[in-house]
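Protein chains in written order, with our numbering: chain D, 1 to 353; chain F, 1 to 492.
Take every hint as true, because none was put in to throw you off.
The list that follows gives simulated cross-link-like pairs (lysine to any residue, SDA-like), each with its CA atoms no further than 20 Å apart:
| hint | chain 1 | residue 1 | chain 2 | residue 2 |
| --- | --- | --- | --- | --- |
| 1 | F | K71 | D | D250 |
| 2 | F | K71 | D | L256 |
| 3 | F | K258 | F | E234 |
| 4 | F | K175 | F | G142 |
| 5 | F | K228 | F | R208 |
| 6 | D | K346 | F | L139 |
| 7 | D | K346 | F | N86 |
| 8 | D | K164 | F | S87 |
| 9 | D | K164 | F | G10 |
| 10 | D | K346 | F | Q137 |
| 11 | F | K71 | D | M257 |
| 12 | F | K134 | D | L290 |
| 13 | D | K158 | F | P52 |
| 14 | F | K14 | D | R157 |
| 15 | F | K3 | F | G62 |
| 16 | D | K47 | D | I35 |
| 17 | D | K164 | F | T41 |
| 18 | F | K279 | F | K485 |
| 19 | F | K14 | D | D160 |
| 20 | F | K483 | F | V420 |
| 21 | F | K186 | F | R208 |
| 22 | F | K158 | F | I65 |
| 23 | F | K258 | F | Q451 |
| 24 | D | K158 | F | K14 |
| 25 | D | K158 | F | G10 |
| 26 | F | K8 | D | R161 |
These aren't lab readings, by the way, just hints derived from the structure by calculation.
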Amino acid sequence: MPNSFIRKFLANNRFSAYTLAAAFLVGALLLGISIGTVSVPVPSILKIIGAEMFPFISTDGVDPMHANIVLNIRLPRVVLAGLVGASLAIAGAAFQGLLRNPLADPYTLGVSSGASVGAVLTIFLHISLPLIGAFTLPVLSILFSFLTIFFVLAFARKVDRAMKVETIILTGIIFSSFLGALISLMIALTGDELRQIVNWLLGSVSMRGWSYVKIILPFFLLGSILLMMNGKELNAMSFGEEQARYLGVDVQRRKLMVLTAGSILTGAAVAVSGTIGFVGLVIPHLTRRLWGPDHMHLLPLSALVGSGFLIIADLTARMVISPQELPIGVITALIGAPVFAAILVKTRAERRG
Amino acid sequence: MLKVHNLKGGYGGKPIIRDVSFEVEKGEFFGILGPNGSGKTTLLKMLSGILPFDEGEIVINGRPISDYSAKELARIVAVLPQHAANSFSYTVKETVSLGRYAHQKGLFHAWTQEDENLVQAAMKQTGVAAFSDKDIQTLSGGERQRVFLAQALAQEPKILLLDEPTNHLDLSYQKELLDMLKAWTKERELTVISIFHDLNLAGLYCDRLLLLEKGTINVHNRPNEVLKETRIREVYRTEIEKHPHPKVPVPQMVLLPKWGAKDKKMRAVIEPSLLDIKKEHVVLRSPVPLRTMSSGVVGSGMGWHRIFVNRHVDKNYHCDDHRAEMVQYLKKHGFDPLDTVGMMTAVFLEDVSYKMVSGDGFSVLAVVTAGVGNAVDASQSGMHEYAFAPGTINTWIFVNGEMTEEAFIQALMTATEAKVKALEFHGVRDAVTGTGATGTSTDSILVAATQQGKMLEFAGTITPLGKLISKAVFECTVEAIGKTKKRKEKCC
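In isolation and in its complexed conformation, chain D is listed as follows:
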């Protein structure tokens, strides 16, 4: 392995790994808040946020317009991007470990397709549930992602009682195709909502505000904690389910926990931002190459790197053809796909050599 020296150096020092990943996230946060049509200097950002958290810090000398932009537009946007990135990356890391396939990602199980169907259905039928009103779309998205994983698992169990990984992946692909067809059908039948649906499908974190942050946050916390509790089990299961069982892991239960947590995270992320591909695929892969495959550390590190990455991706999306914005999914795919291809080629070449 050509980067074995780097990897060894980094792995020997877990502290440095976390410091580096956290520094990347903080840097991305500051950049994301600072850059835009109106540029906000970094000291001002620190003061504004500081004052919000600790009343004794004064905002003297800070443009009130800057404070408004930071607190109501840029901060919720980068925080949302960060949370979505973290959710997708940590879920991806867990799915890859569980499915023992570095090419797997949250989408493989059909969860994101399910969430998409929920969202598109909401737009297509103009559904607005009582009490939650504007949150109908995210709520239905999460609901549908749950329903999808439930059906996928039930179907897989029916086909193969032992619920082998291959069976689950195949089932996920079948469901994905079917749900994808449903989405295409709705797009074909739709008139006025076409642009809205397509925009949502391409993915975006713009103009969502704090309310969306509030939607994803509890799901993010729940899903992440559930996954972190299964770090050792994921290590064991990445050696195969039978081997994990031999080592003493209650495979059925742990697998269910990981799948549930992963679909909570994916569903919530898709609900608030649409389909954003490649984050769940590339980030865990990159993190694993940098700091090793131990899930006890891979999961939190992936979350840190993933959130930083999506903030930068979002920043790029709104800066490239400013003042217009590109869909963030386009950026992640444009960066992610080539990087992933490069990793793939390198890995295969190494394995052959």
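With chain D held as given, fit chain F onto it using these hints.
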């Protein structure tokens, strides 16, 4: 330790295993054998708790296996898989550390000093400590196998289950692994239950064997009982032969290839025209390898040989290492020492005597060189000093037929008795005791058979083969002694 009672089960409602009952004692090395599809792996999966069974019970340490939680079971039973793979680059130590999973407590599995010590010890014992920071994907198959063995050891199991542990290992690793396991059954009373493909390895290492045939137990006993020629032939449906191991008292099975059995093309008859008689040596080159039993300087014991050399040496020949010198000689003259049975004599080789006699469907060629200057009466040999003196009777017997091991040994006796009678015919005397001699102190003999054609089970003196051997050897020896005598009379 482990009891299996009336086990029945399989996949998808179809029973693969039926009526299987056995017990394994603590510290036992227990082998499971059987042809492909006989249910070995299914049985092992049931023992390891990952495959539920329909009827019967498996009891470990007095508790039914279904009573154990995954973690509890992992603290007693460890499994070394046939080939564990991983798509990720875990280090050797990370991999071995997973073995401690079942022993760790708490939500986040705190890593204790004891865990660390046991992991280090397991890595040391399996010889993987030196590369504990290496990526397991960069290791060779044998090294990886040892890493997973270390993982299983770190589990501190009482029972270790293995599925064809030697499958992907080369010869030295196979032995290394099984030696290690065998030592552990003795030193720490680890119970080892392993599937074997290789009957010979199973016979070498296991205390008891279980032979499965079509999902039921064919036999369950000590290796010597289980590994019976007829039984293995029936169960595995192939040609094999049982032979004792040359060093340890266990049976070994030898495959009989198709080409070895009565190949028409390789038909060969050993006859006098193959003899090449020169001053310095008499040589017989056989077109096919012959099964031999001999006391030659080179190529002694049982073996397969193609070239037979009886070399003339000066009567004052003396050499500290005559064996090495003989090998040198053979090489110099273009005879492959590995393919040759070589003898020495001080007798002039022009005086060689040979005779071909035929029986019903088989024949015998005897070739004898005889000098009696050193004749000894075997019944009085206590009177002789140990000394090398010239004068030797070298007897070659070639049999065109298939001989059993029994026949080989009887042939040696028959030939010896015929030789004694030939000496008596000439009235050869022991120079020290003055009594009738039975041979010389340096006589050599070779019996070689083509192993084709008629099956010759016995070679005692009045059996068909024995009769030909006695006749040929007696007449040749009489003639050879006569020739040598004449030469002596002429020159002196």
